[in-house]
Amino acid sequence: MNSDTLNTLDTYSKNKYKYGFVTEIDNEKPKKGLNEDTIKFISSKKNEPEWMLEWRLKAYSKWKKMKEPKWANLSFPEIDYQDIYYYSAPKGFEKKPKDLSEVDPKLIETYNKLGIPLEEQKVLAGVAVDVVFDSVSVATTYKGELEKLGIIFCSIGEAIQKHPDLIKKYLGSVIPPGDHAFSALNSAVFTDGSFVYIPEGVKCPMELSTYFRINAENTGQFERTLIIADKGSYVSYLEGCTAPKRDDNQLHAANVELIALEDAEIKYSTVQNWYPGDEDGKGGIYNFVTKRGLCAGKNSKISWTQVETGSAITWKYPSCILKGDNSIGEFYSVAITNNFQQADTGTKMTHIGKNTKSKIISKGISLGKSQNTYRGEVSFLKKADKARNYTQCDSLLVGNQCGAHTVPYIESKNNTAVIEHEASTSKINEDQLYYCRQRGLSHEEAVSLIVNGFCKQVLQELPMEFAVEAQKLVSISLEGSVG
Amino acid sequence: MFLEIKDLSVKIENKNILDKLNLNIDKGEVHAIMGPNGCGKSTLANVLAGKEDYEILNGSINFKDNDLFDLNIEERAQEGMFLAFQYPVEIPGVNITPFLHSAINSKRKRMNEEEIDNLSFAKLLKSKASDLGINIDMLKRSVNTGFSGGEKKRYEILQMSILNPDLAILDETDSGLDIDALKIVTEGVNKLKTKDNSFLIITHYQKLLDYIKPDYVHVMVNGSIVRSGGSEIAAEIEKDGFQKFQQ
Ligand SMILES: Nc1ncnc2c1ncn2[C@@H]1O[C@H](COP(=O)(O)OP(=O)(O)OP(=O)(O)O)[C@@H](O)[C@H]1O
Ligand SMILES: [Mg+2]
Numbered sequence: 259m260n261s262d263t264l265n266t267l268d269t270y271s272k273n274k275y276k277y278g279f280v281t282e283i284d285n286e287k288p289k290k291g292l293n294e295d296t297i298k299f300i301s302s303k304k305n306e307p308e309w310m311l312e313w314r315l316k317a318y319s320k321w322k323k324m325k326e327p328k329w330a331n332l333s334f335p336e337i338d339y340q341d342i343y344y345y346s347a348p349k350g351f352e353k354k355p356k357d358l359s360e361v362d363p364k365l366i367e368t369y370n371k372l373g374i375p376l377e378e379q380k381v382l383a384g385v386a387v388d389v390v391f392d393s394v395s396v397a398t399t400y401k402g403e404l405e406k407l408g409i410i411f412c413s414i415g416e417a418i419q420k421h422p423d424l425i426k427k428y429l430g431s432v433i434p435p436g437d438h439a440f441s442a443l444n445s446a447v448f449t450d451g452s453f454v455y456i457p458e459g460v461k462c463p464m465e466l467s468t469y470f471r472i473n474a475e476n477t478g479q480f481e482r483t484l485i486i487a488d489k490g491s492y493v494s495y496l497e498g499c500t501a502p503k504r505d506d507n508q509l510h511a512a513n514v515e516l517i518a519l520e521d522a523e524i525k526y527s528t529v530q531n532w533y534p535g536d537e538d539g540k541g542g543i544y545n546f547v548t549k550r551g552l553c554a555g556k557n558s559k560i561s562w563t564q565v566e567t568g569s570a571i572t573w574k575y576p577s578c579i580l581k582g583d584n585s586i587g588e589f590y591s592v593a594i595t596n597n598f599q600q601a602d603t604g605t606k607m608t609h610i611g612k613n614t615k616s617k618i619i620s621k622g623i624s625l626g627k628s629q630n631t632y633r634g635e636v637s638f639l640k641k642a643d644k645a646r647n648y649t650q651c652d653s654l655l656v657g658n659q660c661g662a663h664t665v666p667y668i669e670s671k672n673n674t675a676v677i678e679h680e681a682s683t684s685k686i687n688e689d690q691l692y693y694c695r696q697r698g699l700s701h702e703e704a705v706s707l708i709v710n711g712f713c714k715q716v717l718q719e720l721p722m723e724f725a726v727e728a729q730k731l732v733s734i735s736l737e738g739s740v741g
Numbered sequence: 013m014f015l016e017i018k019d020l021s022v023k024i025e026n027k028n029i030l031d032k033l034n035l036n037i038d039k040g041e042v043h044a045i046m047g048p049n050g051c052g053k054s055t056l057a058n059v060l061a062g063k064e065d066y067e068i069l070n071g072s073i074n075f076k077d078n079d080l081f082d083l084n085i086e087e088r089a090q091e092g093m094f095l096a097f098q099y100p101v102e103i104p105g106v107n108i109t110p111f112l113h114s115a116i117n118s119k120r121k122r123m124n125e126e127e128i129d130n131l132s133f134a135k136l137l138k139s140k141a142s143d144l145g146i147n148i149d150m151l152k153r154s155v156n157t158g159f160s161g162g163e164k165k166r167y168e169i170l171q172m173s174i175l176n177p178d179l180a181i182l183d184e185t186d187s188g189l190d191i192d193a194l195k196i197v198t199e200g201v202n203k204l205k206t207k208d209n210s211f212l213i214i215t216h217y218q219k220l221l222d223y224i225k226p227d228y229v230h231v232m233v234n235g236s237i238v239r240s241g242g243s244e245i246a247a248e249i250e251k252d253g254f255q256k257f258q259q
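Residue numbers (the numbering used here), protein chains in the order written: chain A, 259 to 741; chain B, 13 to 259.
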């Protein structure tokens with residue numbers, strides 16, 4: 259191990275000490291419920307400057323007057339916002355399992371199938387591990403290299419401390435806190451997330467991933483991520499969690515803002531595999547996510563790729579505002595719902611500038627008794643001369659108790675806009691299953707192969723390593739539903 | 013007996029297709045079935061492979077000391093049954109390499125053999141493909157997707173030679189093949205043939221049987237075997253058609 263690594267290990271351990279377990283205030287149990295005190299508590303915990311607290315409180319006062327958007331094809335009981343913890347210090351500290359034998363064997367089985375090494379399994383399952391050598395050293399090596407290029411990659415909390423100018427300028431600039439109830443809620447109580455700044459002309463030489471960070475810090479249920487790609491720069495960002503995270507919390511409301519300046523490109527990939535609830539539809543995460551990217555400058559490009567397999571409820575529409583002339587927005591999505599899961603997901607492409615282009619490829623797979631909705635909105639504003647959109651939505655049904663729905667909205671105020679739309683809904687093909695099984699594949703393997711084939715157009719957009727894991731994940735999320 | 017079909021009667025959607033059909037195949041034998049369109053040849057092949065749409069009214073099938081009806085589709089395949097389809101289905105997005113790799117390994121698993129690793133499998137596939145005159149580029153494409161009729165048939169034989177079955181059923185594999193392809197494909201079959209495996213070849217043309225010498229030729233009419241014999245039957249059919257078998 260080099261000395262750089264040792265240093266980090268050292269500070270890492272100290273950090274843990276500082277944030278977790280010793281000082282009085284840190285041992286204080288967070289209270290349930292949402293009010294101004296909760297927000298002040300969060301802000302002071304995070305040692306935030308006054309302006310940040312004010313920003314949060316403003317968002318909170320907006321939220322109080324707002325109602326959750328209800329237009330999605332989802333049904334769920336009323337959320338009791340006073341019955342939720344808004345700050346959880348190192349996650350589940352008291353409940354932390356001592357070793358893997360205390361972790362739900364089903365979860366371990368899933369980890370093994372994903373080929374996640376033992377040490378990482380412990381971290382993911384929340385087992386108290388003091389230091390994870392591999393991840394930390396990896397993170398450190400990367401950090402040094404990134405700093406040389408002037409790239410900032412840190413937690414949003416750290417960015418608020420160290421880069422207030424960037425935060426003040428961009429936070430909430432794409433998703434205003436008052437946009438809707440979930441964005442207001444997130445703005446008021448967000449606890450963690452990532453911050454990325456790529457300086458002018460810099461091509462980030464590696465995929466940036468929260469994965470490393472999650473090993474070191476715990477991510478809360480209200481994440482806030484902000485990525486800024488300055489002129490002519492490029493970054494590919496991987497979100498999350500390719501491994502399932504179990505979580506007691508019921509509500510997740512993350513906000514992700516992307517800003518691409520002139521000639522810049524941001525590629526954002528997500529594999530979401532939160533706890534989907536059990537076979538009977540009990541438990542699971544309610545995932546209300548707002549993701550929005552602004553192609554602010556000319557020739558900029560933002561590309562969203564998502565593989566959504568988890569959560570009891572998914573409400574998520576990664577969107578692009580194509581403001582700069584010639585800018586490009588892309589959305590590639592695979593959404594798989596099983597058992598009693600409900601997903602209402604899609605995108606919104608807003609063409610403002612001239613010659614702007616957008617492309618939407620959505621693949622929905624429904625199994626069990628689940629409901630899967632694609633909802634998309636493509637709009638062309640007055641000045642969007644010669645803008646184009648291509649949309650392709652395919653739904654695949656496995657079994658006959660599930661549902662697939664496609665809700666495309668198109669709005670055009672410019673008659674030079676060109677729109678192409680293709681949609682299909684099909685049942686899994688029995689002849690294909692027969693063919694695969696005749697070659698010796700089990701029914702389950704056959705379904706998984708066929709579904710992976712159906713998703714290929716999207717999966718191939720993911721960075722290589724991620725794609726392999728995503729494929730495995732697709733297979734896992736189909737399990738137990740066929741036959 | 014290796015494969016023993018006794019008094020097999022099968023119907024689909026209220027239509028009787030197979031009618032008290034009897035057929036025995038021993039290890040190392042090549043059997044050919046000929047018969048007019050719609051007489052039930054593909055139905056027989058599918059019933060053997062385990063396709064679930066059929067209702068078995070009567071009879072039994074024994075394969076390698078198993079009651080075949082106790083095994084599902086994939087178990088039969090893993091036991092060494094292979095069907096080269098008359099109309100191979102397209103599976104978009106599914107690449108042949110991982111597809112066949114999983115297939116061969118599931119068979120090996122059942123036989124308690126060691127799984128074959130990525131690299132050895134890729135080598136095996138390449139060499140078999142070049143034996144059959146299949147371009148390496150075809151191995152990068154999705155299973156059967158966008159293939160010509162003849163290419164699909166060749167692909168079936170490629171899969172057969174990789175999976176090395178105990179009983180291979182070829183359902184009109186010769187239809188759609190040009191003369192050169194026919195030669196290559198039949199060579200492939202002959203190479204695979206040993207004293208331990210058997211072939212059931214469904215065809216309309218005597219030509220195929222010039223390349224693959226059958227031990228027995230059966231004539232199937234209206235869902236049963238009405239006549240069995242040697243190669244001379246094929247010549248008879250070629251000359252006079254099925255008319256005289258149909259009484
Ligand atoms: N799913 C089905 N529903 C109704 N009838 C069917 C079905 N499948 C097959 N048949 C009928 O069963 C009969 C036998 O069909 P089969 O495909 O076995 O014939 P074949 O001998 O293989 O003919 P060919 O030489 O044309 O390939 C035909 O009359 C066909 O129409
Ligand atoms: Mg036929």
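Misleading hints may appear alongside valid ones.
What the hints assert, rightly or not - Cβ-Cβ distance ranges computed for the label pairs, FRET-style:
| hint | chain 1 | residue 1 | chain 2 | residue 2 | range |
| --- | --- | --- | --- | --- | --- |
| 1 | B | D143 | A | D643 | 55 to 63 angstroms |
| 2 | B | D77 | A | S333 | 53 to 61 angstroms |
| 3 | B | Y99 | A | M324 | 55 to 63 angstroms |
| 4 | B | E25 | A | I668 | 41 to 49 angstroms |
Source of the hints: derived by calculation from the structure; they are not laboratory data.
Keep in mind it's a predicted model, so treat the numbers as computed, not measured.
Don't be surprised by glycine CBs; every beta carbon is placed ideally from N, CA and C.
Looking back at the numbered hints, which does the structure fail to meet, lowest number first?
-> none
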